[in-house]
Amino acid sequence: MFVIIAIVLGIISLIGGVIALFHKKLVVAILAAGLVSLTASIIFLLLAAPDVAMTEAAIGSGLTTVIFLYVLNKIREKNG
Amino acid sequence: MVGPIYIIVIALGIAFTLGLLGKASKSAGWVFVLAGLAAMTFISAQWLVALLEGSIQGIQIFTAGYKPPYSISLQMGLEEAILTTLINSLGLLSLLYLGKEMVQKGVEILMVFMVFIMSMNVTIMTRDIFNLFVFLEIETIALSGLILLIGRKTAFQAGIKYLIISGIASGLLLIGIILAYSHVGTLDINGIASANNGLFRIAPIAGFLILISFIIELKPFPANGWGIDVYSASHPGIGALISGASATTGLYLLYKVLPVAGEEYLYFITLIGAITFIGSNLTGTAQSQPNRLLGYSSIGQVGLVTMILGLQPILGDRTLYLAFTIIISHYAAKAGLFWISGMVNSSSIKDWSILRKKPLLLVLFGAFILALIGFPPFPSFNGKWEILMKLGESNQYHWIAVILAGSFIEAIYLIKWLGYAIKLDEPVENQSNFHLTKQIPVWIMGLVLFGMGYYLNPFTHYAEAINYIPLLFALLLFAIDFLPVSIKNTITIAGLAYYFMLLWPAVEGDLLRQIFLVMFLGGGILTLLAGYSKKGKRPGFYSMAILMYAGLAGLLTAKGMYDFFFSWEVMTAGSYFLIIRGKRSLPHAYSYMLFSIGGAYLILGGFAIAAASLNGTSLSALSMVTVLPTWVYALIAVGFMTKTASLGLHIWLPGAHGEAESDVSPMVSAILLKAGVFGLLLLFISIGATNPHSQEIWYVLGWIGAITTLMGNMSAAFQEDAKRLLAYSSIAQLGYILFAFSMMTHIGWLAGFTYTINHFLFKAILFLIIGAIVVKLGTHNMYEMGGMIKKMPFSFIAVLISIIVIGGIPPLSGFAGKWLFYNAILEKGWYFQGALIFFAGIIAFLYLFKLIFSVFLGQVKDNHRNMKEISAWVLIPSYILIIGIMLFSAFPKDVLTPISEMIMPYFTSETLVWDGTKAMTSMGYWDGSTIMIVVGTAFMLLLGWLIVLSAKAQKVEQFNIVYAAERPFRPETTHVSHNIYAGYKKAIGFLVSPVITVFWDQASTFVLDFAGWIRRIYSGSIQNYAIHVIFYIVVFYLISLGGL
Amino acid sequence: MEQVIIITGILLIILGIFGIIRSRNLVKIVLAFTLFNTGLNILMISIGYIRNAGAPILSQIPGQGEIPNIVDPVPQALVLTAIVIGLGVTALMLAYVLKLYQDKGTLDINSFKDLKW
Amino acid sequence: MDYSISKFLFTLLGLFIVLNWGMLMSSTMRRINARVSGRIGIPWYQPWIDLVKLYSMRSQLSHGTMFYLGPVFRLMGGVGLFLFMPMIYGSQYFMNYSFSGDLILILYFQFFGMLGMALGAGEGGHPYSAIGISRGLSQFTTIEVPMTLAVISLAIQYHTFSISDIVAAQQGSILNWTVFTNPLATIAAMLSLLGAFGHSPFNLVRAPNEIPLGPPTEYHGSFLGVLRTNGAILHVTEAALFMNLFFGGATSWIELIIKTFFIYFWSVFVGTVFPRFRIEQSVVWFLKWPTIIGIFSIILFM
Amino acid sequence: MVKNTLILLLTLGIGLIMYDVYEDFKFQESLPLLGDYYARNAASETGSANLVTAVVVTYRGFDTLGEVSILFLTASIISFMFKYKEEHATKKEYRPASELLISSTQVFTPIMLIVGIYIFANGHLSPGGGFQGGAVIASAFLLMLLANPGMHLSHKIISRVESISGIGFVLAGVAGLVYAGGFLDNTVLSKGEFGHLLSAGLIPIIYIFIGLKVGAELSNIVSTMSHLPKENN
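Taken in sequence, the protein lines are chains A, B, C, D and E.
Note that my numbering has the first sequence beginning at 340, numbered continuously upward.
Note that my numbering has the second sequence beginning at 2, numbered continuously upward.
Note that my numbering has the third sequence beginning at 23, numbered continuously upward.
Note that my numbering has the fourth sequence beginning at 550, numbered continuously upward.
Note that my numbering has the fifth sequence beginning at 5, numbered continuously upward.
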């Protein structure tokens, strides 16, 4: 059971990673990276690490993504 | 004792408190931080002092009250105390230096600064590898912030490059750490290291990853473009920190994690260090931006220390000490250089000539440069010396070669830079700012450098105690540099005379050294007499002259290889500064220095290999070399031959001697060249005539000597520059000397000594007088002179006597040399070399005639009609030397007999026999005194006869001459002196085509081009740099582990 | 399960490094970094994992000689630190990226070659 | 080492003989030369007449001290060479002062006069002097190469630099002469002699056509007389050197006169046959064949 | 092209290295040395139920200090980077946020703040702690910023909080040094009763400092980033 979840999560995170790297649109890429973090935090839960999972969710997929988006916003502002 | 943990408490406390201060009190924040750094320095220094005294032991601090591995522990031992003291004090001085910029930019950067210094303290002290990682990250981030201090846009590019690369490195480090943890279950460095020795050692890949990330942080060549960008983009004050503190820390961390990675990586560490040392310096040769140049140099030095760390199995427990000698030199020198760079504030090393306005800074600049290259009395000299000796003992010749080659390449650009500062015209515009608070830190670093050199000397193995008094005397002369020339000249002469008397008893009974002592110091006094004719202050001249003489005297008193080499380098440095004083000397002094350093390194290499088979480094032990003896002898001999300017290594001499100041030329020609001769003599004596390993060497040296003589004389004949002519003549004379000594027979050596003494006498006279005339007439070109015999009769007589000696014309002492020479040649059986030498000897007449004719005879040039005799201060030493020539000519026996007896023990072959005043060999005979009498008498009779015959001769002007048809109007048009050997040149001038100059030119062009080509990899693209780093990692992985 | 997770972590690391050296867009490079870091964190946590063990939160103090059935807390503590550090570095990098963008109006790394040789 | 008065007087006598023989020889040679080119030539006593005339001239100009000393140096060179040369083998008195030095002394003492002359002429300030001297020196450097090689060859052969010993080694039979025992060295030396005597083809140094003026004109009266005196002495002494080294030396004045005559004649003979070389030609010529021969003469005895 | 090939090759090389890592990966059957010690003793030594917290705050408290410093540094550098422009920047016109966002912000912000504080105050008992709590607090500020883009967080207050909590952290460490076994030793205060809020000695206090500091720092970063001027050149 866990194995399947792990495989699914792994595949999701890898796909997210590939999107993050290859997608032309930066917004999508950033969100995809956020998704990777999110799946990672689930993986941490699987690995009996609730503390880390919380942190990863709050910081990795939360704050980091927001900061990315802020910066992207600034860049767009200038372009537009 | 204040606990070391308070270093961190203070730093963080202050950093956090700064936020409370707000914007109102910017300078208060600065003072606050300064006080904090002072406190941190105090804490670490107090530990250092206590640990050095031995009053306490190093301690381990357990955070959270639990013993490692269960909690993070810090360690404060001697190593940590030294390094934290260095780092904190550098931080303190940097902040002082950066004062204004820091205050302006606000509290944030002060916080960053404080945390930066703190992080390095922790990385040094911590014994937990993950903690190390955390504080390394802090250091990285803080540094990337400090780069921004300069407020330039390029700083951002450098910052992101730095962040990205160190991000990769720290990521790999983390993988390594966690892998290691999974194997040994601890994060304690000591724990991992001890586990490595046992069963549960960490996986090789973990060791590799940990190691490679620390190596990447050290910016290894060629994966270091980002690092250099950081150096070149950041404020020089920050550059000083990166180079002095950050690099030092990085090296210590590498040392710390080496046991974690395991011993099998040591070889790769050495290799990496070697590649970096050579590669980075090589790239530096093509660089002209000061900060970037310093960056290349820093990375090179780091490479050297990395090498030393990798050589642990060979250097043993000396590793840390040796690394420290290099690090401390680099620390002080680089910090000082960066700070000066900040003051000069220019993007080209050519603008550093502005430093001439600040003599003290210029002197310190020179000291820093020399310390980096490894000159005495700086610590790096001691370090390199011991390293090479150790390597030699363990037969690690390739590493010796690498260290010497890298050091030499570094010298290439550092010396160039130094020369620019001393010689180039001051820049038209400059933004330099020599504020006192910026100067003080530089002074302190200078003091550190000299102080550490003095302090570390006794700790160095294979080293002898050094007599620092002459160096102090040089310092004293620098201190009184504001006095007029006459006073300083008197003091210098008095000093030399005193030193002469001091040394005389020391060399009592050792004729060889007595002879050279008279030449070095006696000659020094005589040539200094000419200094009274100079006006003004001659800033710096006397301290440098003393430096050179101190070196020369040191050669004589040296007992071992160490103090010999020490003196040798001191002499080289002093003479370089003397030579570069000439108006157009810059390129020539540069090539002089490069050849000297190259030669010195060959000597050093020879000594090092010799150390392999000797117990200790006594000079006299050279004869007992059993490992690669031929190589040892050849290396040392070639090293000395750079000083004697033998063929192939001579191209520096004509310019260096020709362009030097009028009283420097005799010093460097008549006196300094003899240092090379002295070295060769020592070498030859210790090798011994019958040594089976050196026969080929002598044969080759003989040929080199003969060809040098021929080429030197021939080149001299085609010279139009009076001083260069003399310089080429020196090359040739040294060729004779080399040839004579290479024969390794009793008579050959007598000939060699005769030549040495003669050359000392006549070349001093010639350079003194011709130099003074050149100054007086305002031209070097002989065809612009003429007819000076009536204006300067005393000079003429002196020159005439000198050239009679050079030509070897009986009855003067030159003939003694010639006669001994041919006897020796025939005895030795070197007939063709002998014929070549003879041919060269006749060619000498070409230039001798040219010299005396063009300057003194013929028609006076119009603008020289009102010339007077040159200064008596030049003539007095010349005539003292002439008395010497006359005595030697009339009583050769009294000079040659003691020499003969002195060298008797070295040779089994036949000797010179004296019958009254007559010298006899198996081949022939010669009676100097009789010849003097016969020629003198006959000459007087004939002169009397002519006087009787032409008593009524009418004196007429020179221009009153007979012409067939056209009569020139102006006398100067009738002075034929330009290119007078045109026909000769047409016939055999091809022999002196500058093949060797062209060779060296092309070699240097090649090096520069190559360097320029290499540095193309530093394309400036972040992506490329990342690729380099990954490439570097993968390649080293494949080399070190892929093959496992 | 651990196998799969480890492989995921490793692949993320490789993907991250690939992204760092391949991307020409600065933001993408920073993104690649976060991937790299995430992969690292996964790898680290899985080191401490012990099959069938619980989270390292105890309900009572274990007795003498008793070993609670929990996973290793040490890697978790490390990863906690690493995540925060990662955030700091990422934020800083992004600030730099923004500065560079404001300077040149582009995110193409090849435009930032003012420092070279 | 004999510094007695009688020794001195005998030496003076020798010098007198050499001087007169030198003058006679030069007039004879010029007559031969003239005959070859179809002229009558000077009377045999012409040198004496010249000498007397020159010494008695009243107008004498000096350009300076070195100009004045030049001829003295020059004459000292010739006389010194004579003094250090053993003239008659076996004669205690006509060994002169050769005990003060050997062959090397002779070789180097040649330079004494040359240098003095060059300096004296140099102070004359005449541009042609400088040209002449530079050419002379250039040529001289290469003339000496084969000569040196020959001397080294001799020194190897006889293992001595002492002229007397070399002569002694050649006594007994004509076949002991160096010319037979070491023909290569002799050839090299005799070719070098051509240059040393400065006859055509190697007489560009004092070429009568291109340089009609210069030293011979600047130096006149007693100065020129001194130079002429020296020329006579020098020619004989140098020929005597070759005689000593290669042709068995002389045991009597008659032998010396005959041998030196033929040695001197050899250079005149070549001079009438060959045209003059330019300086770069003669330089190259001397460095070519005579040098090679000289080298072989050494190789044969190594 | 060459470059792309090189990049692929290098990725392959990295893959090789990572394969090696995978090969050497040691799956734990039992707790390793350190983990074992902590599992046995950490609870009794520190009084903290959450062992991760025990490790983070006490045993590896020094790391945490560094970690906090990193955020501190980052915030300082970022504000240094944008400082001057900010002072000269003119007031910007912001597009007003949607009504929904504004009103939900008014509801959620206080809740989030409280949750954040709860998380770090209970760090020694349950999952979570200073970092997580700090992140939640920062998120609250973020939400406020989103709802009211023109709002300027008082930098003064943030930096006061940041400084004071930082100093507090350091002083707590020193207290451990002075009154207990070493720097950051938590046994200065009594360990209290296991599993209670007021237990585990200094841990909750330190974690509160950490939480406040992290929250302040993250808010600082976020607000600096969001108030960046539009145009510089």
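Treat the hints as calculated values from the structure; they're not laboratory data.
Predicted, not measured: the structure shown is a model, and the values here were computed from it.
For each residue, glycine too, the CB sits at the ideal point set by N, CA and C.
Misleading hints may appear alongside valid ones.
Only some residues are given here: those of chain A computed to face chain E with a beta carbon under 8 angstroms [said to hold, decoys possible]:
1) Met-340
2) Ile-344
3) Val-347
4) Leu-348
5) Pro-389
6) Asp-390
7) Thr-394
8) Ala-397
9) Ile-398
10) Gly-401
11) Leu-402
12) Tyr-409
Comparing the hints with the structure gives:
no.	hint	in the structure
1	Met-340	violated (19 angstroms)
2	Ile-344	violated (19 angstroms)
3	Val-347	violated (21 angstroms)
4	Leu-348	violated (18 angstroms)
5	Pro-389	holds (4 angstroms)
6	Asp-390	holds (5 angstroms)
7	Thr-394	holds (5 angstroms)
8	Ala-397	holds (4 angstroms)
9	Ile-398	holds (5 angstroms)
10	Gly-401	holds (6 angstroms)
11	Leu-402	holds (6 angstroms)
12	Tyr-409	holds (5 angstroms)
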